[in-house]
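Asker: My request is simple: use the sequences and hints to build the entire structure.
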Amino acid sequence: MPSSAFALGVARVVVHSTFLVSVLIASFSAVGHLPVTILRPAGVMKLLPWSFYDRLVTPSGMTILKVVMVVSLLLSTTGLFTVVSTKSSFLLVLFYQGLLRSFGHFNHDEMLGVYCLVVLAFTPCGDEFSLDQWWNKKRVARPAFAYAYPILLMQLLMAWVYFSSCLIKLRAGWHGYLSPDNLPSLAIYHSLDNLHDTAFRLAFWLPQFKAYLPVLVALVLLWEFFFPLAVFFTRLRWWILGGGVVFHLSTLFFMNIFFPHQLALYLLFVNWDRFRKSD
Amino acid sequence: MNWLKIKYAVLTVAIFLPLIWAFVYVRNAYPVAAWNVMMAPGLLEHGRTYWVLRGETVSGATLDIPAISLTNALYARTWTMVNATVDNQAFKITNPHPANAELLRQAGGLEQLPLGARLPDLLRAWGNLYNERLAPTSPQRLKAIRLDMYRWEGGSYAGYDNFIQTWRQEL
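Read top to bottom, the protein sequences are chains W and P.
Each residue of the first sequence is one higher than the one before, counting from 63 in the working numbering.
Each residue of the second sequence is one higher than the one before, counting from 86 in the working numbering.
Hints should not be assumed to be uniformly reliable.
What the hints assert, rightly or not - Label pairs and their computed distance ranges (CB to CB):
#	chain 1	residue 1	chain 2	residue 2	range
1	W	L109	P	N213	27 to 35 Å
2	P	P205	W	S113	20 to 28 Å
3	P	G194	W	L284	44 to 52 Å
Stated by the list, open to error - Calculated cross-link-like contacts (lysine-lysine; reagent style BS3-like; alpha-carbon spacing at most 25 Å):
#	chain 1	residue 1	chain 2	residue 2
4	P	K90	W	K149
5	W	K108	W	K128
6	W	K149	P	K228
No lab work stands behind these hints, which were simulated from the structure alone.
The beta-carbon is built from N, C-alpha and C at its ideal position, and this holds for glycine as well.
Answerer: Shown next, in the form of structure tokens:
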């Protein structure tokens, strides 16, 4: 288990740079062209008045939001003014993700990253591997627990994502989930329109193999159920994470559904201390 | 050390307590998430409705327009945005936008509102975004943009594209 200030600093870079890249490539001004009247504020987003959304959801309002987010995420990724910038990045990403979900639906790809931002905002993730450290030179003396626990907490959050997803499916009715038509009909539905982000058509191959698909779906459920083992058993970890890469790529090619933010956070399972010791 | 342990315990509880609540009640209340992705199994018997976004160019061609190419920030949420807009869901929330509340009043209630009451605004926005990227004289510019609604009736792996209706917006 990584337990150094360096490892937590790398975790900060992984999480914050994931959102930085995602914000950089997104056209905020295009969102500003959308009619605010189709917005359905989700959860805490309901606390903000309509007059605020009227001003924000404009090309200039969204461009200003993007500039502020890029500056904050650049500071938090590089570890400058980390105590403040990790908190501002967390709040800005939380707001932005809530805004996007108010247009569409509460999807889950970025949510694990949002929870990791909370963890990093309240832990000493700028003590090393940061511009703050380079600037100040002096080392802060903290116990290893101060750095090891936040990393463990982020890994546990990822384990919760998969484990709870499995349990919810089982609660909803595992027999329906293991029916031969479950996967082909869902996959085909997500491949019919041109409103998904990709337009792969592999789903249309699935019906001819549908007798075998319940086994595949059962394996995915088992993989989700046993994902928490990746946190505690290093030998199993890379098999479980490898299964995750295969799973997420499969949902991309067969269902046009992808979780790139969640995949990027698999890097939180790397023992970065090992790389540092080999220097 | 004790202070640190207390701080981390509070952080852990503050994150996991809402997540456990969401899991128990299978409720998503942003930012509290229940991972209920694909919770409902796909049933072949159930019909499904879907949409295709298309543009009509000034040169007379009809193009499929992937929505992600217009509003990429929405990533993975575009299809549900269209579902919700067609279903007038922005009018069904407890505190609708003042312009929606006024439109509801003028229409005489939700039942009187046509399907996709705000769809022309969305299509106009998408059409303008598409045209903004082209030269004013380009033959690829759109004169109209439309959303074609189809239905897969289910029951078999065939007949995916039964046309239902179109919303068309002149630009």
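Asker: Name the hints, by number, that the structure is in violation of.
Answerer: Number 6 - this is the single hint that the structure violates.
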